[in-house]
Structure formats: structure tokens, C-alpha cells
Amino acid sequence: MLADVVLEPEITYTRPAALADTYTHYCPGCTHGVAHKLVAEVIDELGLRERTIGVAPVGCAVFAYNYFNVDFAEAAHGRAPAMATGIKRVLPDQMVFTYQGDGDLASIGLGEITHVAARGENLTVIFVNNAIYGMTGGQMAPTTLPGQKTASSPCGRDVEATGLPLRMAELLAGLPGTAYAVRRSLHNVKEINRAKKAIRTAFQVQQAGLGFALVELLSSCPTNWGLPPLDALKWIEDQMLPYYPLGDYKVADGVEQL
Amino acid sequence: MQTDLIISGFGGQGALFAGQILAYAAMDEGLHVTWIPSYGPEMRGGTAHCTVVISDDEIGSPLVRNPAAAIVLNQPSLDKYEPLMAAGGVLVVNSSLIPRRPQRTDLRVVEVPANALAEELGNVRLANVVAVGALVAAAGVLSVEAVERALAAHLPERHKHLLPANSQALRRGAALAAAALA
Amino acid sequence: MAKQLLKGNEAIAEAAIRAGVQAYFGYPITPQTELLEYMARRMPELGRVFLQAESELAAINMVYGAACTGRRVMTSSSSPGVSLMQEGLSYIAASEVPCVIVDVMRGGPGLGNIAPAQGDYTQIVKGGGHGDYRMIVLAPATVQEAVDLTRLAFDLADKYRMIAVVLLDGSLGQMMEPAELPPFADGAALGTPPAWALTGAQGRPKNVVTSIHLVPEDEEQFNQQLQARYAEIARTEVRCHEYATADADLIVVGFGTAGRVAQTAVKQARAQGLKAGLLRPITLFPFPEQRLAELARQARGFLVVEMNAGQMVDDVRLAVSGQGRGGLTPAVRFYGRMGGIVPLPDEVLGALKALAETAGHTPQPSPVSCLPLDGGPVAR
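Residue numbers (the working numbering), protein chains in the order written: chain A, -17 to 240; chain B, 1034 to 1215; chain C, 459 to 838.
Just so you know, these hints were derived from the structure itself, not from any lab.
Everything numeric in this text was worked out from a predicted model, so none of it was measured.
Every clue listed holds true.
A short, non-exhaustive set of chain C residues, derived as facing chain A with CB atoms under 8 Å:
hint : residue
1    : Q480
2    : V507
3    : A516
4    : V521
5    : E545
6    : G546
7    : L656
8    : N665
9    : V666
10   : V667
11   : I670
In the SDA-like style, the derived pairs of lysine to any residue whose C-alpha atoms are separated by at most 25 Å in a straight line are:
hint : chain 1 : residue 1 : chain 2 : residue 2
12   : C       : K461      : B       : A1185
13   : A       : K19       : C       : Q660
14   : C       : K461      : B       : V1177
15   : C       : K664      : A       : L30
16   : C       : K461      : B       : D1061
17   : C       : K664      : A       : Q189
18   : B       : K1113     : C       : G797
19   : B       : K1113     : C       : E805
Take a look, some chain C residues computed to stay more than 12 Å from chain A by CB distance:
hint : residue
20   : S541
21   : G566
22   : Q748
Every residue gets a Cβ at the ideal spot worked out from N, C-alpha and C, and that includes glycine.
Modelling step: build the complete structure from the supplied sequences, incorporating the hints.
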């Protein structure tokens, strides 16, 4: 006689509590969603959901506050680091992070990001680098690659006229207040897993009060690059990685032990 | 009754502090008072002046164009303010540093060798206080005693040991003015 | 508490501290720097936040962030620095987080100079940033008033979830006068952070502070809410100082230092037999338009005195337009000095006498503006 076998469903994955149960406005194939999920998972795993305050940028992630289940402020373009400074200084026990794109962080907000790093502000910054302005429709960013065609560099970025792209992880790593500055990529599973570890470290750096922590994430923009999603991931690997090498540019004393 | 005063000199001569002493004394006497410094970019060596308005009534305009009394601690200050003085005004001139005499004849001029007297008292930095003593004695807006009390009450703690020297400087200036105008 | 001889900038700083300001962010600029320096000393002593920002732009955005936590926060600056803050002010106003701004005005435009001026009236009172927002604007004329209005600024900012500005010129910031400081605000009175504040979503749904309303209908509705609040403030929060207006048929209008100078001129005019009076607006927004309209019924002329080329005068014109006897408009003249020059009482008296001679009892058509050709003071 056969015994009745009841198969209990095994839950292998659930939406992180720190991620809101809602649709996003991101384009199909965009890796912002992956970056959001990683941040939310880290917040959950570290048990920080009820004591985290995020600051959203101006750019594609302008509505990030709708997608996270934590307190959130929406900053003016480029000013998220200054706004986060104001929050963190008043509420030092809260975990404060900004989520910024390349136009926001590396162009209009270069002054603000540089000074929070210089001050060693205890903040975590998630920097999404997709080498283009997304929200406004694909214009040249400070991170646009040499020769890359965009709506405002239709013949390809002319480095004679516009200079070379900014490597923000390296630049900010050069400042003494920076405790942690790394570059990761979201173009395949292996790199996504490495990115999550880095995000976790960046939050732990803040928890430990070690100073400024930045994770730069190479990210795809299929719509504005004019590529199908998979080709866009390949474009990260083929085009972006040579100019933006992945790696740890600053790991201050004490970060390794976290 | 309202008295408009100007105190002027090189930066570092203590013109602003001299004005503050008068402002403190006026406040402690229950009078209305307004003190405004020049706040130009010069930190040391440039001209520095302040205006003090003392009144027994609410002070409307805090500005001084034709002062009833003035202390000029250096030559540029004399050149600038002599023509602006109200007729009959008291002009205290630091004769230690100013070689020329005022030319106007409708002023009550008190020439005080403020630096020399201060050096006699052992501290050239008291020249401004000597001049203040001369001014209050000549202008009569406040008593020497009121200024002395203000010094005692408001001199910063770290400078309190200088109080006797300050009092002496004040009285030397006052005595000299009284003699000059007698 | 006894009176102390206080410098305007430092008196405002101490008044803010006693009002319970928890965080100050600023950037050095003359003639307000003493305020920043005072905060640099005092705030850490009290375990509160002081941070010198890398720019006024960063400072106002730090204020924005700190204000999101529901604590009392402030910054201070002077005209060019306040220009740089306009972006943040528009965002803060649109996010409905309260904060206090102190603008110690200097001569402009451009780098201008550091002498006292009132050229920021339009920028501050009309909203120098983009969009339809207002800030509560308080204009002290003495050090004591600067102390009192600083406390009021925090109270009004919290009450209406708005920016409150203390607007003064450089001479008042630099001036020392006897003034009495209020006691420290009761910690309990400051209360726990309001329900909307960002404090970490512990045991409650998340809070969001944003200035985005992407759907036009939502944005319009939000703007209507703001406008309703501004209208309420215009009804309830007007403050002004009057001197000898009861029987006056010539009214001088000036704010801050210009108003103070004008009061001396009014006294002199009275001594010479002119029936002059003074209205000194203390709130520039809300503007005392109702009171000016009432005075228009008894006045044959208004003289507006400002340390600029004529900014508030437009608001006086609007307030008295058609409010004179028979629905006509009394004469409105302007006397101003620019570049950091403070008008003297006898200049104002001269302008007042000119007004007295020309402003008949028959109300006149709206005055025509003209600028002098000789580069002298603007009189129109």
C-alpha cells in the first residue's frame, strides 16, 4: 500500500521585504532592476529595513523611492550626496544611501560626490554607470565611451572636444575619506553575485563607521544604446570593461575584516 | 538727546573696540545705542572705523554722517572726518601720529598724544582708551565713571588683568581733555 | 534676562540655537560670516550639528536632507550665496519640509560689494527659484527684532511646513545693539519628529519626501493646496510696525534698515508740520496690503524707501491701486539708494517734502516711472 505523500512546496526565493511589490518603469532589459534587487536583498540580510533612508537621484532612478520599502527622499539633480549628508549628520544611527546614475553623480553632481568622499561621510553610494543619459533620451554622459554615438554626440564622442570619460571609482578612491571604492558589473550572473557582495560590504562599511563607500555598477541601457537586451549585456563586456576595469580601487584598513 | 560718534584709525589701533566700550557704557546707563563697524575686506593695517549712536530715545537711522564727536587715531582719519564734523563738535586728535592740526575753527579740538601716553603707561595698545577718556570728558555724552564701570563689566576675562591699566589710560585721557578745554 | 550688547549676526545665531535648531549648514560669505562662525563654536558645544559645506548649493541641499528628518534646521548666507541656493529653495518649498534661511543682503548685482543693500527683495519675496512657491519672509529693523523674528521664523516654518526667511541687510548683521535673548525653547515643546519625517520606517509604512507630481492633474492639485496655504498665511500672519499713522496723510513705507531711517525722517517731517506717518512691513510675505489699502483712504501720497532700484514699491502700488477716496489711486513715489549706500534721513525728508508739494488731495493717475539721467539716486 502506498503511503499518502504530501509534497510541501519549498520556497526557494521571495521578493525582498525592502523591495516594494510594484511594477517599475524601467525599460525591458535594463539592469536597474537587478541593482535595486541586490540593494534590497542586502538591506534585508543585514536587518536594516526599518533603519535605512535612501536618497533618489534625478535620472532613470528618479522613482527609486517607489520601488524600495524604506524611507526615501528625492533629491535635486546631482545633490543626493549633499542631501544624504544632511540626513546622516542629524540621524547618525540611520543607514543612509544614495542611488545615482552617471549624469547625476559624475556630471552635475561631481562637486557633491567628491566632497562627501573627501569628508569621509558615512554614506553608501550605489553608482549606476551605463555610459549615457537615459531619462532624457540618450545624450552623452561624462562616462560615454570615446567614439560612442549618442543623441548629443551623433558622430561619436569626440575626445578632442569633450575629453575622455571619467573613471569615478578610481577618482574617488584617491581621496583619503574614501573607505571603499570598487567597480562591479551586472552583465552576467557571476558578476551580479560579485556585485551583491560589494554592495553588502559598502553597507557594512557604513555600519562600522569607516567612511565613504561607493560601488560603481556597469549597467546596460538597451533602449538608448539601440541594442537588444542580450546584445547590450555583451556590449558591457566588450566595450565598457576595457575602459572601466572591474576591481577594488580602495579597500581601507578595517574593511577586509568586515 | 542723541549723540552721533565716529572712531577711526588704522586696523589694529583698536578703533572698533573703543566704540564698543562706549556702546557698553551707554547700554549699562540705560541708554539706547547702536554700534556699526566698517567691515571692509582689510583685516590689518587698512582703515577701520565704527559709528556709535547714543540716545535717550529709540534710535531710528543708525547712520552717522555729521558726527557730534569723533576720535581720529591717524592722519587719513583726520583728513576724512574733519570736513564731516557737525559745527561745534568735539574732535579728539591722536597727536602722537598726526603731525597736522585740524584746520576748522568751529570745532572743539582736543589733541591727545595717545600713543605716547599709552607707552608711558606701559602698553601702546591702550592709546585707544586714552582717546576714549578724552572724548567722554570733552563731549559729556557719558561719564568717565560709566565708561570705567563698563570696562570692568565687559572686558573679556582673559584681559581682566589689564583693567587697572585701562582705567589709568581712561583717566589720563580725560584729565588731559579737561585741562585742554578749561 | 538682562540686555546684552549683541551683534546682529551673532544674535540671530544664538536666537536660532535657543529656538532649538539641531543642524546648521553654511558657507562663508561677507557680511554674514559671523553667523557661521558663531555656529561653528556653539553647535558642537551643545552636541548639535554644524557643517561647513563646499558651496551654498551643497549647504542648501544639506539643509533639505536634514529638514526631511523633521528637526529644526537652518542655513545663512548673503545675496550671491542665496542666488546659488535658489534651486534648493524651490525643491524644499515643493517638498513641504520646514527650514529657516537667513539672508544678510549686500550690494549687487553680480559680485557687487559687501555693503548693506536690499536688492534681494524680489528674489526672496517673489521666489527666486522656479515654480509657484512662496516663503514666509521676516524683515527685522533692529537687533532685538532680529532675535525675536528668528524665533518666530522657526515657529512659522514648522506650523506651515514652509521655508521662513529672515531678511536683513549687512549693516544690521554687523551692528551691535542691546538686545534681550529669549530662554531656550522647551525640549518638550519641540516635540517628537512629525509623522511625515524620514526617521527610518520602524513599525510604520515608509515615508517619502519628494517634489515630483508627474501627472499634471496631481501637480495642479498640489499647487492649489500650496496656494490655499499661502492665502491662509496672507490672512493670518501679516505683521507690520506703524509710527504716527493715525492722522497721517503722507505715508512712508520701508522695510528693515530703510524703514528705520524713514522713521527718523517722519519724525523730522512731523516737527516741520507735515502729517507724515510710517508703515514698516515686518512680514514681506505675507505683505501688509490690507493695511496699506486702509491707509490709502486717508493718505494723499505714499513714499516708498528702499535700498534698491525699487522692488517693494510695486507691491505698494498694487496694494493702494484704486483704494483711495472715490476709488482712485493715491500718488506712490519711490526713493532709493543702491550699491550699498544707505539713505540718510534728510534725503528721505527731501523726497517726502517733494511728495507733499505735488501730491494734492485729488488722487492722480498711476505714476510713471523714470530713472534720473545723472546717475544719482533713483527717485520716481
